[in-house]
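> Assemble the complex: chain A is given as a structure, and chain Y must be docked to it using the hints.
Each chain is listed here by its residues.
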Amino acid sequence: MKRVYFAFALATMAHAQGLNPAALLRPPTDTWPTYNGDYSGRRFSPLTQINRQNAGSLTLVWAYQAHNVAIKSTPLEVNGILYFTVPDNVWAIDARTGRQVWHYHYESKGGDHIGHRGVAMYGEWLYFTTPDCHLVSLNARDGSVRWDIELADVKLGYFSTMAPLVIRNHVITGVSGDVTDIPGFLDSIDPETGKRQWRWYTRPNPGDPGAETWPKEGDAMSHGGGMTWMTGTYDPDLNLLYWGIGNPNPVLAGAGRLGDNLYTCSIVALNPDTGKLAWSFQPSPHDVHDWDAVQTPVVFDAEFQGARRKLLAQASRNGYFFVLESTNGKNLLTKPFIETNWASGIDERGRPVAKPSKDPSPDGSLVEPGSDGATNWMSPSFDPQTGLFYVSARRIFSEFYLTAVGKAEGWGGRDRNIWANSVLEAIDYQTGEIRWWHELGLGEGVAGIMTTAGGVLFTADNSGNLMALDASDGRTLWHAGAGGRTENCPMSYELDGRQYVVMAANDVLFAWALPEKH
Amino acid sequence: MDRGQKLFVQSCGFCHGNDATGSRAPDLIRSASVNHDENGNTIGPIIRSGRADKGMPGFPMSEAQIADIAAFLHSRVLAALNSASVEDDYPLDKLLTGNAAAGKAFFEGAGRCTTCHSATGDLAGIGRKYPPIELQSRILYPDGPRPSVTVTLPSGKQIAGTLAHLDEFTVALRDDSGWYHSWPRAQVEAAVKDPLEAHRKLLYVYADANIHDLFAYLEGLK
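Chains as they are written, first to last, in our numbering: chain A, 1 to 518; chain Y, 1 to 222.
So that you can see chain A by itself, here it is in the shape it has in the complex (with noise of 0.2 Å):
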């Protein structure tokens, strides 16, 4: 493995511009060439120019105003170069200045337009996610498309937000889908030449293990969803690639798909080289409230009851917090992060035993948390310095409709909420105890969480102030009123000795950064 990291390294030193894969397999602190920062998912930066003593200073550098929709994307920053997007619009900027260096405008044919989470890069190439399911390879230096090809069929209801993940030569790419009754997968593409290399479908085939957990008869398992619209994580030592699995469909009626419905609503540990499945694990088995267990499976080598073990955390979205082996997906620790009103106990496997009275139904049934989730896509972020696991967590009550007649086609039903207000929380991973929370206002947040080795933990709360906070206690050390809802994760990069941390407000990226020396 090393020796084709070597390889690899060789060849792009040539393109000073370029991505040279070896960093993706250090801290992020001169780059960030990845959604996550690095392959672990923790939202770690190891800079500690900006720390807990001066965080209080922090000054801004420049604001680039996109002026489109929200932006939900985290940066890549590469070179001194930023890459953002928004659904079918890329951006390059100088990551010194805000100044735009180049910027992409796809025509989608229809599609889903709902948000979108940023950019991949292999070399000198990006890669891009369409609404209408297509995968585009952008030359970086100028944004002109190399090579565009159709993941899946846009007409069925496929759409595609997610930023791939890169491992070695596999651009790891996954597709979304909501309301129709489609099946989820994982891709693997070649990064020079756009061709697949694997496809892994997130249901089994039939007679294989897991087709167990559907009907036998009809077409439940072939149109079970299972989509998988949220970046991975990847463990180099063990050649893992985790993914968090979506919902089943139809979304909220159970009643044509008994049985635990797998791999949605799971995370799954595959094969990067071959997409063959080592483990899985299942946050929701059977779910009829969209928890989809997408959100981040972040992954750390920590002390867990007296051991040296190789963990995976996951903050899911049905409220419960997850710690797992990640050589086996074994369950460590299962334990709910807000006052859940919807299982009845916790099973052999760690799973949570869901109570058939808090399914949707006709009259309505009142569930915490709502579809919404206790928390979502924002990022969690994991400190080893302080071993706290943090998540943007949501109190959500929501009142669970079932309205399918006969075979039920799509959602089959809504949950209408009823009242919510957000909380970031600090979990200890070893007991899932909340060691403590900062409150972040009505409504629901969508920020994500940056810890850094200064000892900072940046986010956003529900009123529009960019904040800083005390990684150890959450006292807030700075905020900012940026006059806009938070919707993306924040990021961190130093050049020319200088660290900036650059978040963003609806559709305006901020930098931050400490005063300068005049």
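If you are wondering where the hints come from, they were derived from the structure by calculation, not from laboratory data.
Just so you know, even glycine gets a beta-carbon here, dropped at the ideal spot from N, CA and C.
It is possible that part of the hints are untrue.
[To be verified] To give an idea of the chain Y side of the interface with chain A (calculated C-beta under 8 Å), a few residues:
no.	residue
1	I29
2	A32
3	T42
4	S83
5	V86
6	E168
7	L203
8	I211
What follows is chain Y alone, placed relative to chain A:
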């Protein structure tokens, strides 16, 4: 569309199900041919020629008949696409599963609703005022009055009004004369009174039966 439905039930329903969700033959709402079709251009040839390999016979239909069937199938696809909503016209009979007498008992007893409300006062005729599904949502958490706030300045002076904004850093109110004021929270005391606090607390207490009983009771206040 109605013509298309009749025709579909007669000719296709036996295999594809009368609602096109599949039976012996596939679900057509989920079919690629139907989802790509425009006015019968994809499904027309299939209807006419059949699919011998799958045991489907051909049906000698006119352009107009195929267009009718296409309209019916597209309406079924649209219904699936729209299945993710619960509209204001949601039928009352689906919601009316509770016991009004039990609802009254909860209203006057365990729910402590009479602390703020009266069935003959502010809630008189509430069952006429909103669509049923809206009423059920509002019972749980109404779009009610804004909180009031009293701000105490460092001087000891107090200013009361309607809460205009509250976050970690700022408190703002509108005073009785309609003027807006704001202060850094670090420099003042802000005492907020939220009339909806009891509704929030009940969310953690309700059994679903309480909600359906309360709904039956309040829906009946015409």
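> Run every hint past the structure and note whether it holds.
Hints, verified against the model:
1. I29: holds, 5 Å
2. A32: holds, 6 Å
3. T42: violated, 10 Å
4. S83: holds, 4 Å
5. V86: holds, 5 Å
6. E168: holds, 6 Å
7. L203: Y/L203 check passes; min Cβ-Cβ to chain A is 5 Å, inside 8 Å.
8. I211: Hint holds; Y/I211 Cβ to chain A Cβ min 6 Å, cut 8 Å.
Hint 3 alone, counting from the list given before, is not met by this structure.
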